[in-house]
Each structure stands twice: as structure tokens, then as C-alpha cells.
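Novice: As given, the protein sequences belong to chains E and A, one line each in that order.
First residue of the first sequence? That's 55 in this note's numbering, and the numbers climb one at a time after it.
First residue of the second sequence? That's 2 in this note's numbering, and the numbers climb one at a time after it.
If you're looking for bench data, these hints aren't it; they were derived computationally from the structure.
By construction, the Cβ of each residue, glycine as well, lies at the ideal position given by its N, Cα and C atoms.
There are no misleading hints in this set.
Heads up, simulated DSS-like pairs for lysine-lysine below, C-alpha to C-alpha not over 27 Å straight-line:
no., chain 1, residue 1, chain 2, residue 2
1, A, K141, A, K35
2, A, K348, E, K267
3, A, K487, A, K590
4, E, K267, A, K338
5, A, K487, A, K338
6, A, K631, A, K732
7, E, K267, A, K340
8, A, K321, A, K338
9, E, K267, A, K339
Computed spacing ranges between beta-carbons, pair by pair:
no., chain 1, residue 1, chain 2, residue 2, range
10, A, G170, E, D249, 51 to 61 Å
11, E, D249, A, R263, 29 to 39 Å
12, A, G245, E, G215, 33 to 43 Å
13, A, L210, E, F356, 38 to 48 Å
14, E, Y132, A, G490, 39 to 49 Å
15, E, A353, A, D124, 34 to 44 Å
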Amino acid sequence: MADHTATASAAPSAPSFQDMILRLHAYWSAQGCLILQPYDMRVGAGTFHTATTLRSLGPESWNAAYVQPSRRPTDGRYGENPNRLQHYYQYQVIMKPSPPDFQNLYLNSLFAIGIDPLVHDIRFVEDDWESPTLGAWGLGWEVWCDGMEVSQFTYFQQMGGFDCKPVAGELTYGLERLAMYIQGVDNVYDLRFNDAGTSYGDVFLENERQMSKWNFEVADTDTLFEGFRRAEAECKAAIAADVPIAAYEQAIEASHLFNLLQARGVISVQERASYMGRVRDLARGSCEAYMAKFQDQWAQKFPGWTA
Amino acid sequence: MSALAVNTSDFLLELRSEEIPARMQATARADLEKLFRKELDAAGLKPGAITVWSTPRRLALIARDLPLATEAVSEEVKGPRTSAPAQALEGFLRKTGLTADQLTERDGVWFAINEKPGRATADVLAAAIPAIIRAFPWPKSQRWGAASLSPESLRWVRPLSGIVALLGGEVIACEIGGIVSGRLTRGHRFHSSGDIVIDGVEDYAAKLLEAHVIVDHVTREGIVRDQARAAAAAAGLVLVDDEGLVIENAGLTEWPVPLLGRFDEAFLEVPPEVIQLTARVNQKYFICRDAAGKLANAFVCTANVVAKDGGVAIIDGNRKVLAARLSDARFFWEQDKKKALEVHAEKLGRITFHEKLGTVADKVERVARLARWLVEEGIVGASPLPTGEGALVTPLPSGEGLGEGVPPSPATATPETPNTPTQPSPDRGRALLADQAELAARLCKADLVTEMVGEFPELQGLMGGYYARAEGLPDAVADAIRDHYKPVGQGDDVPTAPVTVAVALADKLDTIAGFFGRDMAPTGSKDPFALRRAALGVLRTIQENGLRVPLDRALREAGWWLTETLEGRTNGAVDPLDFFADRLKVQQKEAGVRHDLIDAVFALGGEDDLVRLLARVHALQAFVTTEDGKNLLAGYKRAANILKKEEFAPAAADYLLEPAEAALTAALAQAGPQAEAAVAVEDFTAAMAALAGLRAPIDAFFEDVTVNDADANKRAYRLGLLAEFRAAVHKVADFSRIEG
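Chain A with its partners taken away, still in its complex shape (with noise of 0.2 Å):
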């Protein structure tokens, strides 16, 4: 920058159009704002501070502190000698287009002095204008009005209808599709009518203030947020927060006014859930809650206006909708509790899942099988989970059995408590699991057909849940339909009640081995059918579960269908354990694991249970990261690059050993077995202890020994030394997949 102090100037960049939907808001103006900057960088200038601002009817962009033209340039550009042949001038001449006269001698060199003089701001900002408007990326525009006739005609995202382009409040004249820039603006459309002029930067936002029109989105979210609230409290409630409506809501409204109406008690028959959402997706009302914290027979609604009668009209017909809505959602509610899931499910065998994997019907009932056989081999249920919380088996009151449609009264229904009278036996605990799996399983999809998730299928699961109940099936086999398809998010929870974990696993497994075995893998970035999220729903609920799942038996027993026989559990070219296993190693390096020391267990083989597989891991990576550990690593490479190069027969040493052989020849007959018998109680903390029994022994023996002596028999003894060596090592991991 020059150090003569430069002349700026605030700008203010208005465009005006039709509604702008809600949703495209936010990235309306970070759009504009990068759009803008771009321009000023190419054209050498520097803004101050930039403010962006959206309505639903305008995008309004400030720029602080704009330098008034962009800086002179002097280029200069060295010429021939002024002792070189003419012809050497004339070609200079011709390249910068100047007479001879117009050059400059400096030490005997002819120069081509180019003065670039700084260009107006103005200029440049009437050029940027059209430029950002043709260049914005709306995720969908459109053509409009007589230009139209033209296919070529400006697009923007709903048709643009005004420019207030002020530098220091003058004018940026420029123009496009017809629209030429100026100091005119609109305010509210109701509340404002006519032009209203625009001086500059300071006073826009105070005039569409007094047109009724508040210009910055974060003060109309604050209005929404805080009167919605206050409009609660006024009535006695608590308003629910939800941040993506006060957005949404401040993004349809240019002077929103937060008013709360009352629907009819009668509708909070229906579960909150479904009364959230028609409020919610259908209407973008806010609900509320009272002191005891249930749902309230009220909403809030955001009008744009501040009506005549204070708003009696607009509640009224807002609660009318919203009437109409929920009796809509009640009589669905009410069609679809007359028939039983189990009735309902018969409409499944209808809906294709997916053409090379059958109906829902089919999948329900693999889905089904799956489950019980989760709970039947006490992969489920099985013993008690790690944190001694969560039921393994959830006794059902006794005398009652499965299907008699006898509701469970509150008092039998509740969690089981050890060592009473009516705690089962084991095997019946296990038979009772197994068939409430079943169950839930038969009955989780039911709820697709029903009238209400057709109408928010983002009910489903949640729906089937309330059915169940309702029908009064035991808590266990409704909670279980409610949650199978948890965790759904990475934030979402994992279930672990038992049935629940029973049918939630059986559903992804399903899942997962027939997408696999019909060759539809997930492919780069394509995962039509959300595989991984599917996995990494499996791979959470075993862990935070501590569940010992046979992950390859279990894909063979759910692809048991894909072909004739169990062994060839797949026809896919694409091994799920495989998918597993990578997904694993994403998920685990989120978690600070090494992937390295992952594919080191892995490479091992025949290890699918996730955790014992991750126990491993991490004893593994705690040693790895200690002094004996790096040391023993850096040993074990040497051994192992030793061995790779040498051939050799093992041989009974027939010679006095060496002190470092003889205590390596000790130290091995010990830590190998002991490693072994760790890993075999899984103890991986004391197999790793045993393998840093091996560091100073084989450090000396590097040090003192020489494996490739001249005598034969020494050398076979040595390098079988070694291998013995590599071989202990094995039995926790290998090493050789170990990076540093």
C-alpha cells in the first residue's frame, strides 16, 4: 500500500427480488460475500469489514472502508543496449508499440515505461455487479418476464426485481436484464408502500427499519427466538427450542411477529411426536410444553405482520389448519390402531425392498430368523455386559406368554429384578428373549403400511413403537420395534435392552449381507443404500454393548439365503468382513486408534470378534508407544529383515551358546507361552508384559551375538533363534504391519 493516506468509502449493495426460499438464505450470503471479495481481489482492492445481510425479498452486502481507486502501477520493461543495432530497437519499438522518443536511457539501456493509472472504484464496482449476479450459484434459478423469450435471459432465484449499488452515496450505475441500479428500495409489503430512497451505508438499515423491514436476519432470529419464548411463558409454558424453525421463521419474514395460538385438548390423544411434526414440517410452528414438561395443547406460530386486530384473525386460522392437520393425524392414529401388527405386516409381501433382495415381507422374515438365532447362540444376552447395567433377558410377568394379547400391567412389566420368585430359569430366560425377538422382528416393519408413516415416514419404527403398545404387547417387544433402527446417526443413541439389541443387529446384518452377497457393495463416494451407516450401527452397538459377535459367522447365518449352502455365505466379489474391518479402522481412527496396529491383529486372521479384536488393539498401542515397546519393535524388524534375506534349516545347537544366546534361548522358552496363554484369557495386557520380557534379550543378543557366523551349525541355530523369536511376537500381533 502506498504510504499517502488513501480516500475510502463505505459501499452498500442491495438486490432485490422475490421470496428468496428460507432454506437457501445462509448460503446466499456466504455466496455473495466470496463472490464480491473475488472481484475486489482481482482488481487489487481491499475492503474493510463486510457485512451480509438476507431477507426473505433482498441479499444487502456492506463493504467498510473501500479505497476509492486501485493503485497506480509503473511498469517498467529493459530494451536493448542503446548500442545495439537499429534493428534491435525497431523490434523493441514494434513489441511495446512506442516511438522512440517515449523510451528511457538508464546506464546506456533503452527502458519502456508503462503507466498503469489506479482505476475508480466505481468502475470497477460497475463492472463486479452484473458479474457476481450472472456468476451466483443458486441451487436452482429460473428465467421470467418478456426477456425470457430469450433462453439466454439472466437467471437468478426467483425473478430480481431492484439494485441499490451506493459507494459513499453516489450511484454505481450499471445495468442488467433490464435492471438498472439506483437509490430506490421497497420496504415491507404490506406495511410500506412506494419507493424509499437510500442516501448510503448509514441510513439503509434505519429506513427499511421505519418501512417495516428489519434488514438483519440475526436480529430477526433473536426476535423470533426471544418472543417465541416469551409468548410461552406469557401462557404458562415452556416453548420448545428449536433453533432450525427460529432460522427458517426469520428467513420467511421481513418483521416477524411471534404469536401463540391454543388447539383442541382433544389432540393430544395422538403421541407428541406426530403433533411436533405436523406443527413442525407441515406448518413451522413452534410447540410448548407445560411446567411438568408435557406437550401443551398450544403453538406458536411467526407472522410478517403486525396486524389490525392484533393477530385474533391470524391465530384463528392458523389454529384452524392446525385442526385440520391433527384430526387428519388423529384419524390415521385411530384407522391404524383398529388393526393389529401382526395384520398390518400382511401388506408387506407388496413392497419391493429391494428387487434383488425381495419384498419387506422377506426381509422381515430373515430379519426374524436372524434375531432369535442372535439370542439362541448367547451372542445376545449372553452373559453380563461390561458395565453391569442393562438387561439381559427381560422376564415377562410370569403366566404370560407371547401373542395372547393380554396387556402387561405396569406393575409386571418393569425391568427384571434378580433373584425374585419370578425370575426364570436360564433356559427359559433364553427362550423367552429368543421369541420376543422373533417377535419384534416379525412385527418391526408393520408399522410402513400403516396410515401415519405413510404420511411422516419419518415415524416409522417410532409409530410401530406406540402400536405395539397400544395393541399391548409387552414393553420389551414394543421398545424393540420403537428402536431397531438405532443408532441411525453418529450422535444417535445405541440400544441395550436385549431384544431391542437382538433385532436392531439382525436388521442391519440382513442389511448388509444381501447388499453384499448380490454384488452392491458400496463403491467410492456411492452408498445408495447407506451400507457403512448400517456397519457402523453394528460395529457401535457390539462395542458399547461389549457384545462377542462371530462377525464371519454371523454374515453366513444372515446370507444363509444368497445361496445353497452356509459355506458359501456370499456370491458377492466383495467380502463384508472385509467392509467391516475398514470400517472399523475410519471409525477407530476418529477414536485416536492406529490403523497400523489395527491390520496388525487383523493380519493375524481368523479374529472377528470386534472386542476382543479392539482389547487387543489398545494393550497394543499402549506398548508400542513405551520404551520397551519401540525397542522390541526396532528388534523384531531386524529379526525379521534377517530372516527375509536368509535361508536356513533349524538346528539343535551343537556348541556352548553364548551368555545373550542363552538368555534369549530362556527368555523365548518363557514369554512365547506365557504371551500365548494371555492371549488365550485374553489378558493382552499381560500378553504384551510378556513380550517386553523379550526386549533386553534380544537387544543383547543383536549386540553381542553374530547370527551370520561361519559356522554352519551356528548360524542355523541363530536365524532359528530369530524366528523363534518373530514366531512370539506373532501370537499378540504382527509386527511387520507396525509402522516406525
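Chain E extracted, bound-state conformation (with noise of 0.2 Å):
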């Protein structure tokens, strides 16, 4: 592994945001990650990739790094607030198990984005992780540069109910906040998205205006409630058809959707922890289904794991 002194002489220019993504795979890349796309539905954070939840189930090792389109319906701002968007972008990286430099991996991923840790001031600060939706804990640190939070670092220690056997590191890094930061931009929008001209703006502001208007005012409520219902069901139904994948689809579907019913205000504080529980049981149950599908083929390969 490189010390970060060694290569800190060499700090490379501020990158746009799409050559920041790239430098990020192209580092976790040679860190022996998969490059993986997006999960193709609506999700709130990186963590709901099945790359991360299911696959942190089991003792198998799995290292993976991916961008995380990520949807919080509630934080939209029309387009008008330079920091909160209702869509915006995860980079998410999981390692499986945690390797034990886990810690300097992470520093030279910011090194290699245009960071350097003798100009600037990064520290771990106790954050610890807790995702009640998804039966999840770990211990951690929101990492600082400056001041500002520019990654969570957990290490897994349960997920879906289950003790990680073995722990995986997770990393989440918040592309534009970390993009701002690298390009001393003040508001999002004016980020240079690539290095020809076009900004953040040009490319999401149009979005962030008609979504947010869409989530908070246009959004049928009835429709979304069905939605609900028949993600509910369909979850359910998928878990009983041994088809643990699906049935965690069905459980994001109804944890975007009920974000999407809280943006639009129709959800009372009582419901609200009704239908979390909804949730919870949903993405429960389909870990539950996932862990007993592959238990006992984990366990012939690695000898005395158990679940």
C-alpha cells in the first residue's frame, strides 16, 4: 500500500464532477473493486444497491464500487437551495471483508480526486451508522475535510437482523458536496460538470425544479398509496416464491413510495412509524429470504459458518 506522503508532492488539479467519478473508479478499480452501474430503481442512499445489502450477507468476499443515483423526495428545494437536492449522486464502496487498510484506501481515493491531507485537515469523527429499515448497524466516523463531511465509513455489524459474518466496509462518498469542495464552488449547480463548459445546472437544475414540484404538490396520493399496497404484496408474495431478489426490490419500491408520501404531507406522525415498521418488515423478511436461500451453501464452503 502507498503512504499518502509518498505521493503528496504530486496533488492533481481539481477534477470536473464525470472525471472525479472516473478517477474514483478508476482507483477503487485497481484496489481489486467491481466497477458496477446504478441499481435501476428509486432508492434514498448507495446502501440500498443490493450491492451492498444483500451481498454483505454471507462470508463470501465481495468488493464493489459504484455511483448511487439517490432520491429524498422531502429534500427538494425547487432548484433554489444551493446545497439540497431531492436527486443526487452516492459514491458508494463496499469491501467484504473489511481489509485491515481500509482506513488508507479511503485517504488515497481522496488523494487521487485532488485532496491532499497536508494542505487540508481530514478527520474521522464518531459517527456511527444505524439504518432500522434495513435491520443494519455499524460503527464508524463521518469523515471531515475542512470542516465539512465528505464521507461515512462504517464497518458493518449487522444487516437484515443478521451479524455480518464477516464485517464489510462500507464507504459513502457525497459527490457533489465532495465535488464542491474540490472545485470551490458555493452552490451546486454552478459545479463544472465536465471540463467543455456545461455545469451541474445545465444538467439537473430543470430536473430538481419539475421534481420537486412533482413530489411535494402533483403526485397522486391515491396512486402512491396503491403503489404501496402492491409493492407490500408483491414483496410478500416474492418471499413466499423463494425469490429473495425480487421481494427486495418490492421492499425499496415501498420505502421510495413512502418517502413519497411524506413529501406530500399525508402521512400523520401516528401512520409514520406504522408504515416504517411496514418497511422494515418487508426488507427484513427479504434478507431473511436471501440468508436462508444461500445458508446452507455458504456453510458446505466455509465449514462452521453458520448464519
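Starting from the two chains in their separate frames, assemble the complex, guided by the hints.
Specialist: The structure is reproduced here in C-alpha cells:
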């Protein structure tokens, strides 16, 4: 493994948004990660990709990196807030088992996109992660660069209610935020998307305007409620049919529909807990079904291993 | 210890890991020392001085003067006499596992001598280190890496990456979770590369220092504290000291570098508490004041690196992050101010206070009613406070009504000046106070639904006060909204302004009456609704303001909605008044007041005015420690014991009273009414003095008079006299509850 200081003299210049992604891909590919594509469904975070949730279950090693478009309907600001978006990108790295030099691998990735650790102040600040929806938790940090949270760094301890055996290490980079920092830009829409004059705003500003309006004002709530019920039923049917990946897709569909209903403001405080419980049951049920489907096979390959 | 000089060496242990949360480091240091001492103790080793240090990436322990071996022990086990039968000797040999030639004979008895050689300390430590690591009580710990395929794999706060263990410069070889001890460590994450070879205790800190790691947390704390102050001073400002931030920043850095940055002055329009909280909680920055004591547009962050550009990029980055957070805060501040608190309050109906106690809107309604009642009953703002300070009535500037949205000018909103033409009449004053208390109560929870308090819950109350002022409500109302949660903790101020006192009391009494009324009184150590704190807040507010609160009636009033009738104050099994009595005892115990004396006054019943009760208890405590008091108590106990045993019907004396009898009769005729009269005017010292007058007569009575006389009339009269004596004493306190 290379020491940061060994390469510290060769600080690269600030990459464009797309170049930053390409550099991360090149970097993590060189570390032995599969470079995957985004999951083709609406999700709230990179963690929801099956490459993280389902693949963090079981004993087999798994190393992957990908960009995941992430949707948080309630964060929409009609394109008027320089920092908040209802649709943004996360860069996700999952390495199972967590490698011994995971922190250094991560720091070198920052260097690869132009952050010199002898110019900037990089810190690991306690931030444990928990997703009741996924029945998951882990210990780790938020990584600060000059006081700004640029990544989430987590050692998964449980997923879907199961102990992680072995533990996977997860990195999540907030790409827009990181790019704003590297490019020295105060407004997300001013980011250089490429080096040929196209800005982030050119690509996404109109999407933010329209989607904020749809999320908050237009989306038909009856349809959303109906969609939630259908996804829930479909998930249960898929679990019964022993196709847990399909079940899991329905669970994340239900999760996103719930987020949309929240944005429409039609779920009361009391109902909220109940809906979250239903989503949790679906996600956990899918993970359990996934585990049930593979655990014998895993136990054979890894003698002594149990779910 | 052996008289022989023992060879000793110094021991160094370093447990290196990925970043340990700052908040856990102090406890971890204490735990490391405790576990280490325990291991040494078990082996019979006594170390010299022990030092423990921490950084985010390591825990280090240095133990001076460790003996190099545990002491040899010689154990002697007594066996049978040499003359005993052969079976006895065989049995002894079986038990000890020795042969006959290994035994020693002394005075005709066999002894087995078991020589336990001393253990090398190095061996003790090699076993102790893994034991300490396994037993380490981290509040949260994790597994990691390939080993975590097994659920039994090593746990640590974050992945453990290295162990340095050196006794007198020699490596103590041990292994845990695949980590082998040695003499290699690492320096600063970015200022150092590769391994650092440690020779021993002597060069450890120095070599780390060369590698940009200040391993002693106290030194780092000093650097953060001093350099942050210096950075502020260099900018002509004064740092707002914050020892919590000093420790946290020292726990986040191995090489702390405080740096001062500036933020846009325009943000200073946001309340200073919001800026401070944003900077402190979210970013761990210090804030500064200018020479006049006003919040300055500056922050001090603590970097962990000596930046190549002198920190320009770091300061700029931190400034941007703070600016983004402050612009969020300013956005909330401006959004929130667009609506009056009254409008915000409309949303309180959507927040559940407690499922059995309704919404926050319901609570607010009750608190408003109770706050008004406290004023209208003359409980709050009734009579001058004992100190002569504190506003009884905060008059509104004449002509200004409530809720008309006319902001009072600072000149007219200042506290009252007595006997000026604008001073309202007492009735009008009370009516205004009641109106203000009700209004403040109606608005006191409205900030809970504002954006700002949603973001920073700890600003509840404070923001309400700011918003109230911003919309032009009277200062007394804004202050009451701001301060109605007070006192929050033991060291917190107690409200004194009448409107605030009314709302603060009403809020807490409503909470207590409600939870008790719905059978949710605290049990044992469980007090999920912080009712003890609320009760203590009520007690302190009453005491420090000298308020005359009939607590029983106030609790009935607070609990009116719990049942159909006022009489059935509570449906609950526990009377909240008893709860207050218990809290009072706990509180007064800390102030050195005897709980038995509080019991003695409570036992009389009917006393729910805490100020009066405490005055009586204080007088009683002063009295029972005097010679008169002690003797009177002894006389009382004697009388009470006799009365407990004897049955009698009181009778007039048909004989010539003996002098001591006559004297007691006369003394009682005087002391009884005197004590009663003194109690009636709450002059408890006088009441005690009246009782003191009974001491000599009761002593003489017991000395000279036989109570159980053969003559039935004499016996009845004398017992009656004792009963009268007891009754007189009871006018002041139930002395049977007094210990001693």
C-alpha cells in the first residue's frame, strides 16, 4: 500500500464532476473492486443497492464500487437552495471482509481526486450508523475535510438483523458536496460537470424544479398509497416464491413510495411509525429469505459458518 | 516484601487503533489503568507510578518500577506424626503427590514443603495484555476484517492495529486477534510515514513527538486551550472558554493546531446562542467576543495538521461549512419570524404530549388556566418578596393592551417604579399580571414547532423568547416564554419575575398532576418524565421567591381535568403531595436539615405551605439542639410512653396539688395558648420559646410526683396533665417523630 506522504507532492488539479467519478472508478478498480453500475430503481442511498445490502450477507468476499443516484423527496428545494437536492449522487464502496488498511485506501482515494492531506484537515469523527429499515447497524465515522463531512465510513456489524460474518467495510462519498469542495464552488448548480463548459445546473436544474414540484405538489397520493400496498403484497409473494432478490426490489419500491407520501405530507405522525414498521418488515423479510436461500451453500463452502 | 533489593523495570504498553471517539477517551484511560492494576494485583506485583495517555489513535500506559519477578513463596503443609500408622502417611503422600523422601520431619511431624518459585513479570504481562484487551469495557465495540468470519473474533472500539509492549526495553511477546506485540508504532497520519522503533519507556513520547504525535492528552489540551486563546487575542478578541470543546478537540487530534477564521458579519443578526450552538455542536469550533463582550464574527477551529499553506485552505474550508450552517440557521430564523407565535402554536395540536395526557395544545390550555389561577388567587405576585426584590407586578405601559401588536418602547417597558402615575391600581395590576401570565403560557410552547427548535431542540424556550420580542410582545411575556423551563438543573437560576414564576410553576404543576393522576409516578430509579426534577423546580421556585403556595389546593386545581370533580383530585395511587414531601426531605437533607424534623411537622397534617413548613422545621431544628430542647424531648418521650401504657379518664383534681404539679399546671395554662398563638402568626421561634418554658416544670414534675399514684383521682389528674403537656407540644410539632 502506498503511503499518502509518498505521493503527496503530486497533487492533481481539481477534476470536473464526471472526471472525479472516473478517477474514483479507476482508483477502486485498481484496489480490486468490481465497478458496478447504479441499481436501476429509485432508492434513498447507495446502501440500498443489492451490491451492498444483500452482498454484505454471507461469508463470501465481495469488493465493489459504484455510483448510486439517490432520491430524498423531502430534501427538494425547487432548485433554489445551493446545497439541497431531491436527487443526488453517492459513490459507494463495499469491501468484505473489511481490509486491514481500509482507512488508508480511503485516504488515498481522496488524494486521487485532488485532496492533499497536508493542505487540508482530514479527520475521522465518531458517527455510528443505523438503519432500522434494513435492520442494520455499524460503527465508524463521518470523515471531515476542513470541517465538512465528505464521507461516511462504516464497519457493518449487522444487516437484515443478521450479524455480519465477516464484517464489511462501507464507504459513502457525497459526490456533489465533495466536488463543490474540490472545485471551490458555493452553489451545486455551478459545478463543472465536465471540462467543456457544461455545469451541473445545465444537466439537473430543471429536473430539480420539476421533480420538487411533482414530489411536493403533484404526485397522486391515491396512486402512491395503492403502489405501496401493491409493492408490499408483491414483496410477500416473492418471499413465498423464494425469489428474495425480487422481494427486496419490492421492499425498496415500498420504501421510496413511503418517502414520496411523506413529501406529500399525507402521513400523520402516528401513521408514520406504522409505515416505517411495514417497510422494515419487508426489507428484513427479504434479507432473511436471501439468507435462508444461501446459508446451506455458504456453510458448505465455509465449514463452521452459520447464519 | 523481601528485604533484598528487587530489580525493577519500567513498562510501556501502547494499544494502537483506528480513531477512538473523543468522548470515550477519558473513560478508556481510567479503565486501562484499572484493568492493568487488577492483573498486577492478582499476580502480587506492585507497580510504582502509573501514567495513562490517549490520542485518537492510541491508548498508552507507562508503569514505573515494576519488580521483574513475583516473589517466591514457600508453603508448608502439616502431615501426620512420624509415629502415626502407615495408612496416614500414605494418605498424606497421595494428597500432596509427593514421595516419602520429599517430606521434611520436624519435632516428630511430617511436613510437605512446596516451593513456589517467583514468576517472571514478563510472563505475567504476556498473559495480562490479552486479558486486558478482551475484558476492555468499551461502551460500544465492533468486529472487523477477515477474522470476523467468526462471531467470536476480537472486539475493540474500532479496529485494533498494533501493540507495543516493552518491559525494560524488552518486548513482551503476546498475540491477540492476529496482532503480535512488538516495538513498532506509527506516527502522525500525514506528517509521518513508516514504522517507528521504540526502545522503551524513556524514548516513547519523544519519538512520537518527532513523528508529530503529542501522546500526552493533557499537553494537547493545554495547546488547544492556550493557542485558541492566543489566536483570538491576536485578532483583538476574547475566546469564549469552553473546557468541553478543549477536551473534545484534544481527543480529535494528535497534533492540534488552533486556527482562527472569520465569518460574514451579516450572520450576527441571528441570535448569538444559535451561532454558538451551530459552531460548537456541529463543528466543534470555539467562538469569540469582542472587547465590548459582544459575539464576534470569528471562530477557532482545531486542525490536526501543520498545513503547507499555513492553514489558509483549512480556514477557508471551515468558513464555508460554517457559513452554510449559519445560512440555514438564518433561514430558519427568518422563516420562523414570518409567523406570530400564536400562529405557530396552532400546530401544537398535532404533537402528542403524552398519549394519556393529550396534545401539547391541551397542555398549553391547562397551563394557561393554571397560570392565571396562580395570579388571581394571589399566590404569585401577592405580597412583597422577603428580599424586597423582584417585581410583583410588571405593569404595562399605560394604554397598552395585550396582543395589540404595539411594541413597547424600551423606555416604557422597564421595570416598575413604585408610586409613579403609571403605576396601576392593585386590582388592575393583578388583572394585567393574570393576562400576561395567561398569554405567556399560551405561547410558551409555540417555539417547539418552529424550524429553529426543530434543528436545535436545546434552544426551546430561548427561541420563543426571541420570537416573542421580535413580534413586539411585552418583555415580561417574552421573558416568561424564554425562562419558563427554569430551573432546569440544580445549578440553574430560579425565575423571579412574576409572569415567569406563574408560567414556570403552572407548567411543572400540570406535568406532575397529570402524570400522577394517570398513575405514572416515578418508581425506584425510573423517572422517565423527569418528574423529580420538575418537583424540585417547583420547590426551589417557591422557596427562593418566598411564595405562599397551598400545594394541595394548587395540585387539585392543576388536576381538575383528570376527574369529574375537583374533590377527586387524582385517580392515581400515589398522592403527589407525598411526592413533594419526599423531594423536600431529599432537598433539605442536602442542606443539612434533619428529615425526622420535617416528618415531625408534616405529621401534624394539613400543612402544604412549604415556606411555612420549612420555617417551622428550621425553628424546631434550632430548638431541639439546645439544652432546653433536648430535655423537653426527653420529657415528652417519657410522658408519651406513660400515656401509651395507661388508660384513664381525665378528671379534675379533688386534692391539694403538690408544688411540682401545680407548677406544671400553671405552666401549661400559659405555654399552650402561647405556643398556639405564636404558630398562628407564624412566629415559630416564639412557639419554641413557649415550649422551652415547659422544660423546668416537666423535669420537676417527673422528679417529684408519682404519676401512678394509688389514689385514682390523683392518677387520673396527673395522666391528664401529661396528656395536656403532650397536646401543647403537638401544637408545634409531633415530637414522637423526632429521633434521639
